[in-house]
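Trainee: If you want the building blocks of each chain, they are given just below.
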Amino acid sequence: AQSVTQLGSHVSVSEGALVLLRCNYSSSVPPYLFWYVQYPNQGLQLLLKYTTGATLVKGINGFEAEFKKSETSFHLTKPSAHMSDAAEYFCAVSETNQAGTALIFGKGTTLSVSS
Amino acid sequence: EAQVTQNPRYLITVTGKKLTVTCSQNMNHEYMSWYRQDPGLGLRQIYYSMNVEVTDKGDVPEGYKVSRKEKRNFPLILESPSPNQTSLYFCASSLSKLGNSPLHFGNGTRLTVT
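Each protein sequence line maps, in turn, to chains S and E.
So that you can map any letter, position 41 of the first sequence is 68 in the numbering used here, and since no number is skipped, the others follow by simple counting.
So that you can map any letter, position 46 of the second sequence is 47 in the numbering used here, and since no number is skipped, the others follow by simple counting.
Keep in mind that the hints are not guaranteed to be accurate.
[What the hints assert, rightly or not] What follows is a set of in silico ranges between Cβ atoms, one per label pair, in the way DEER data are often shown:
(1) S:42 with E:9: 31 to 41 Å
(2) E:64 with S:81: 42 to 52 Å
(3) E:70 with S:85: 18 to 28 Å
(4) E:10 with S:95: 14 to 24 Å
(5) S:137 with E:58: 24 to 34 Å
(6) E:57 with S:110: 15 to 25 Å
(7) S:44 with E:64: 21 to 31 Å
(8) E:15 with S:45: 24 to 34 Å
(9) S:104 with E:57: 32 to 42 Å
(10) E:108 with S:134: 17 to 27 Å
(11) S:99 with E:60: 19 to 29 Å
(12) S:68 with E:21: 21 to 31 Å
Keep in mind the hints are simulated off the structure, nothing from the lab.
By construction, the Cβ of each residue, glycine as well, lies at the ideal position given by its N, Cα and C atoms.
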C-alpha cells in the first residue's frame with residue numbers, strides 16, 4: 028500500500044519568507060499527487076495536483092510543487108508567505124488496486140505565519 | 002454553485018443514540034466518500050461509494066454504515082455511537098473513481114459523543 032509522509036507537523040515562517048512544506052510518498056508506480064489546504068472551520072480545498080507531464084505544478088494562491096521521482100518527493104513551496112496562508116496543509120497520493128481507487132492522506136502540516 | 006453540503010455542522014449526542022449525518026452533492030459526481038479527521042492522525046477514510054448502490058469499506062469502517070440510493074446523497078449512519086467516534090467528519094465527492102480526479106469536500110461535521 029502507498030503511504031505519504033509529511034515532515035514536520037508544524038512549520039512557522041515570517042510574513043514574506045519562503046514557505047517549504049515537505050512531502051514524501053512511497054509508490055512502485057508513477058503516482059497521482061495532490062496538495063490540499065484546510066482553513067479553520069472549513070473543509071479541504073485543492074491547491075494543486077500532479078498527474079502526468081510537467082513536473083513543476085502551479086496551484087492557487089501562488090503555491091507550486093515539484094514532482095521528483097528520484098527522491099519520491101512532492102514538496103510544496105511559495106516564495107513569499109502571507110498571513111492568509113496560515114492553515115493546515117495535506118499531501119495526498121492516489122492509490123489504485125483491485126478494489127478501486129482511494130486517496131491516501133499525510134497527517135498534515137500546520138503553517139503559522141507571523142508578522 | 003457546485004458544492005458538497007453536510008448537515009449538521011455540529012452535533013452533540015449521547016452514547017448509543019442513533020444518528021445520521023447527511024451529505025449531498027450537486028455536481029453529478031460518481032464517487033463519494035466519508036473521512037474522519039483526528040489530531041495527529043490526518044484524514045482516514047471510513048466508507049466510499051463508486052456509484053449508486055455500490056459502497057465499500059475504507060480504513061476505519063467499524064461502527065459506521067452508509068447508503069447510496071441516489072447519486073447525489075451519501076448519508077453516514079452511526080447506529081450506536083460511542084465516545085471514540087467523537088471526531089470531525091468530512092464528506093467528499095469526485096467526478097469519477099479515476100486516480101487523477103480531485104476530491105471536493107464539504108465543510109465538515111463536528112461530532113461529540115458523551
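Trainee: Against this structure, judge whether each hint is valid.
Mentor: Quick rundown of the hints versus the structure:
{"no.": "1", "hint": "S:42 with E:9: 31 to 41 Å", "verdict": "36 Å, holds"}
{"no.": "2", "hint": "E:64 with S:81: 42 to 52 Å", "verdict": "43 Å, holds"}
{"no.": "3", "hint": "E:70 with S:85: 18 to 28 Å", "verdict": "40 Å, violated"}
{"no.": "4", "hint": "E:10 with S:95: 14 to 24 Å", "verdict": "39 Å, violated"}
{"no.": "5", "hint": "S:137 with E:58: 24 to 34 Å", "verdict": "30 Å, holds"}
{"no.": "6", "hint": "E:57 with S:110: 15 to 25 Å", "verdict": "42 Å, violated"}
{"no.": "7", "hint": "S:44 with E:64: 21 to 31 Å", "verdict": "44 Å, violated"}
{"no.": "8", "hint": "E:15 with S:45: 24 to 34 Å", "verdict": "49 Å, violated"}
{"no.": "9", "hint": "S:104 with E:57: 32 to 42 Å", "verdict": "36 Å, holds"}
{"no.": "10", "hint": "E:108 with S:134: 17 to 27 Å", "verdict": "21 Å, holds"}
{"no.": "11", "hint": "S:99 with E:60: 19 to 29 Å", "verdict": "22 Å, holds"}
{"no.": "12", "hint": "S:68 with E:21: 21 to 31 Å", "verdict": "22 Å, holds"}
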